[in-house]
Amino acid sequence: MNIETPKGKQPETHIEAKGFSIFYGTQEAVKRVDMSIPKGAVTAIIGPSGCGKSTFLRAVNRMNDLIPNCRAAGELLVDGLNVYDAGIDASVLRRRVGMVFQKPNPFPKSIYDNVAYGPRLHQSYAKRELDAVVEESLRGAALWDEVKDRLNKNALGLSGGQAQRLCLARALAVNPEILLMDEPTSALDPKSTSRIEELIVQLKGRYTIAIVTHNMQQAARISDVTAFFYEGVMVEFDATSQLFTRPKEKRTEDYITGRFG
Amino acid sequence: MTMWKRKLLDRLFSGSAYGAIAVMAFFLVIVIGPIFLKGIGAYLFEGTIDYRRMMLNQFNRGDEQVLDVEWAEVKQERKIIYDALFAFEKELDNMSSSRRRELKPAFKQTKEAVAILLGPEPGTPLPALPRRLYGQTRWERAELKAKDVLFEESWDYSGAQGKKVMTPRAPLFKGTALEPLFSKVEKDLESLMRPERTFYPQFLTDKSIDAHFFGGIGPEVMGTIYLALGAMLIAVPLGVIAAIYFQEYAKEGFVFSLLRSCVNTLAGVPSVVFGLFGLAFFINTLRVSPGKSVVAGALTLALLVLPTVIRAAEEAIASVPHTYKEAALSLGAGKWRTILTVILPAALPGILTGIVISMGRAAGETAPIIFTAAVSVGPIVLPSEIFTTSTPALSWNLYNICTEHEAVDEIRHVQYGMALTLVMIVLALNTLAIVLRAKVSRKLKG
Chain X
1 MNIETPKGKQ PETHIEAKGF SIFYGTQEAV KRVDMSIPKG AVTAIIGPSG
51 CGKSTFLRAV NRMNDLIPNC RAAGELLVDG LNVYDAGIDA SVLRRRVGMV
101 FQKPNPFPKS IYDNVAYGPR LHQSYAKREL DAVVEESLRG AALWDEVKDR
151 LNKNALGLSG GQAQRLCLAR ALAVNPEILL MDEPTSALDP KSTSRIEELI
201 VQLKGRYTIA IVTHNMQQAA RISDVTAFFY EGVMVEFDAT SQLFTRPKEK
251 RTEDYITGRF G
Chain S
1001 MTMWKRKLLD RLFSGSAYGA IAVMAFFLVI VIGPIFLKGI GAYLFEGTID
1051 YRRMMLNQFN RGDEQVLDVE WAEVKQERKI IYDALFAFEK ELDNMSSSRR
1101 RELKPAFKQT KEAVAILLGP EPGTPLPALP RRLYGQTRWE RAELKAKDVL
1151 FEESWDYSGA QGKKVMTPRA PLFKGTALEP LFSKVEKDLE SLMRPERTFY
1201 PQFLTDKSID AHFFGGIGPE VMGTIYLALG AMLIAVPLGV IAAIYFQEYA
1251 KEGFVFSLLR SCVNTLAGVP SVVFGLFGLA FFINTLRVSP GKSVVAGALT
1301 LALLVLPTVI RAAEEAIASV PHTYKEAALS LGAGKWRTIL TVILPAALPG
1351 ILTGIVISMG RAAGETAPII FTAAVSVGPI VLPSEIFTTS TPALSWNLYN
1401 ICTEHEAVDE IRHVQYGMAL TLVMIVLALN TLAIVLRAKV SRKLKG
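Line by line, the protein sequences are chains X and S. Just so you know, the first sequence maps onto residues 1 to 261 in the numbering used here. Just so you know, the second sequence maps onto residues 1001 to 1446 in the numbering used here.
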């Protein structure tokens, strides 16, 4: 696999799946996936609805634990440690693996408290330090200038695009290494979408980003590598430029040319 | 379906909805209206000179000097009555025995009626009961009692049904020394009683004197507050924790459905059974108190409202969007942290509503406290005595003074006043629930 990185060398793997499967009861939603997500790059996961791409993404920070009867098999390694090992504390894992959801889901608290929620969980800050973390996170999500005068206003008053950027800032505030994004723009208008996309490109490098998207143009625009999932199987995984121009698999080609999905 | 049919159905539906609301409002007016109108009489009424004397003696309220002047004037007026009684008694001794036999019983009745209207005759030994120490304290009662002086009440059983006959006494005593008494009472009752518009807000907080003949309903109000607050202090933490368990921790299965049906059954148990259970369990078995006590009553009431609190809290927790929980967990919050910092704050409006409505219920329940906490007469219970002392409470004492009081007719104003106060407390609590809910959800919505 050939991925173009600024330094021109093969990047190290950050998340690695080895024969990784997820079952809902007896149904196998993700089937023996092998995949290496490179560090500091944007990895897009595309595929038709119900192909298991979101399930796979939500396995990385163990959000699937919330679903009863959901279990995993095989290995899913983050920095070489299997996240489904008995010794792994999901809360600790989730600090390192942040997530932005499909629908903006700010807490019904003030903008400040939303961003400060994560930092407050993990250590006690002096007021000044916390202010700095909040400002930095909001700047990171390109929201600071819009909300700096109303940090104490309720976050539910924000527009959809602002709310999604707030959720991004909230995730950034705990200083994760990996950002998972589950269709982060599907509920947003085109303008807000492009702002989020710009942000993703800006954040690349500092964070390893994995994004599930329905929007193939979006995947082509912002990702370095792309995985195509179909019926729980990872069909193809390659550099984005490669996958969208010269797909190796027939099913990939059919999907990206819009013959199904 | 054709257009006009759909429109007609639409009209019918909205019509029946308005109808239902109108019926509800109508019954509300029918029920609350009289309670309000009559209950307000406990707080706002025409008080007589005897009311003011009673207030000064028993509660040390009012201006003593002003009252002394007024009392001297009234005594002058009343002297006519007492002089007539005294003169007639003398006259009676000099009458023929047949005439005496004719007049003596009527005279005795008149004298007794006067003592009830105006209080004990000056110079006679003071009666033991406080209710006999004063004349009528309320003008409308005075008017009623004046009738007992003026008329002889008898029953005519000649028809199919007994009929009350009121015969004036004045003609009987025509030409005697007693005659001026009747004309004075009939024509000049006001100068005998001196009615004055009186506002008595302390009705809410005063102790009662001589089983509610005088004074207020302070012990009852305090008892109700103790019991309702105490019940909530016990039921709310338990209920909210149970709701969290059901919603966030319990796994579907035998134990879960067993617990569920236990809670649902608890909600359907008649309240008197709770009362008996409270007596048997809290007092006789656990011995939380030597006998009836505020704490035993609060525990019993807590048990009674527990299902309501659990259900309200459960519904509130279930309606918190799943995405809040996901967001908190994805930031590395543990389950308990998520519940404390995100789920409970978001569920607060619903939980609060459940709490306040349950509190209204606890304030109004009668049967559970009969066996565990209530007593018909008693002083205001001090916070230090809640483990040992039983207390009067509005709900039970309202029933008590309406049915088991020795003179239910004499204290109508207290009965209605108590009913009004209870209704107002419950209504205020429900209003508080609405306001709190609106306030908290506005805060959550931004």
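Please note: incorrect hints may appear among the correct ones.
[Said to hold, decoys possible] Simulated pairs of lysine-lysine, DSS-like, Cα-Cα distance not exceeding 30 Å:
#1 X:Lys127 / S:Lys1090
#2 S:Lys1147 / X:Lys153
#3 S:Lys1325 / X:Lys127
#4 S:Lys1445 / X:Lys153
#5 S:Lys1104 / X:Lys153
#6 X:Lys103 / S:Lys1174
#7 S:Lys1445 / X:Lys204
#8 X:Lys148 / S:Lys1445
#9 X:Lys31 / S:Lys1439
#10 X:Lys248 / X:Lys191
I should point out that these hints are in silico values taken from the structure, not numbers from a laboratory.
Against the structure, the hints:
1. Straight-line distance between C-alpha atoms of Lys127 (chain X) and Lys1090 (chain S) comes to about 96 Å, which puts the hinted pair past the 30 Å bound.
2. Distance hint between Lys1147 (chain S) and Lys153 (chain X) is unfulfilled; the C-alpha atoms sit about 71 Å from each other, more than 30 Å.
3. Proposed proximity of Lys1325 (chain S) and Lys127 (chain X) is supported: the alpha carbons are some 26 Å apart, at most 30 Å.
4. Between Lys1445 (chain S) and Lys153 (chain X) the CA atoms are separated by roughly 10 Å; this keeps the pair inside 30 Å, and the hint holds.
5. The suggested pairing of Lys1104 (chain S) with Lys153 (chain X) is violated, with an alpha-carbon distance near 87 Å, which exceeds 30 Å.
6. Only pairs whose Cα atoms come within 30 Å are accepted, and Lys103 (chain X) paired with Lys1174 (chain S) is rejected, the gap being roughly 97 Å.
7. Between Lys1445 (chain S) and Lys204 (chain X), the direct Cα distance comes to roughly 34 Å. Violation of the 30 Å bound is thereby established for this hinted pair.
8. For the suggested pair Lys148 (chain X) and Lys1445 (chain S), the alpha carbons sit about 20 Å apart, so the restraint of at most 30 Å is met.
9. Proximity of Lys31 (chain X) to Lys1439 (chain S) is assessed by CA-CA distance (about 50 Å); at most 30 Å being required, the pair is judged violated.
10. Using a Cα cut-off of 30 Å, the hinted pair Lys248 (chain X) and Lys191 (chain X) is violated, with the two alpha carbons roughly 34 Å apart.
Violated hints, listed in ascending order, are 1, 2, 5, 6, 7, 9, 10; each of the other numbered hints is respected by the structure.
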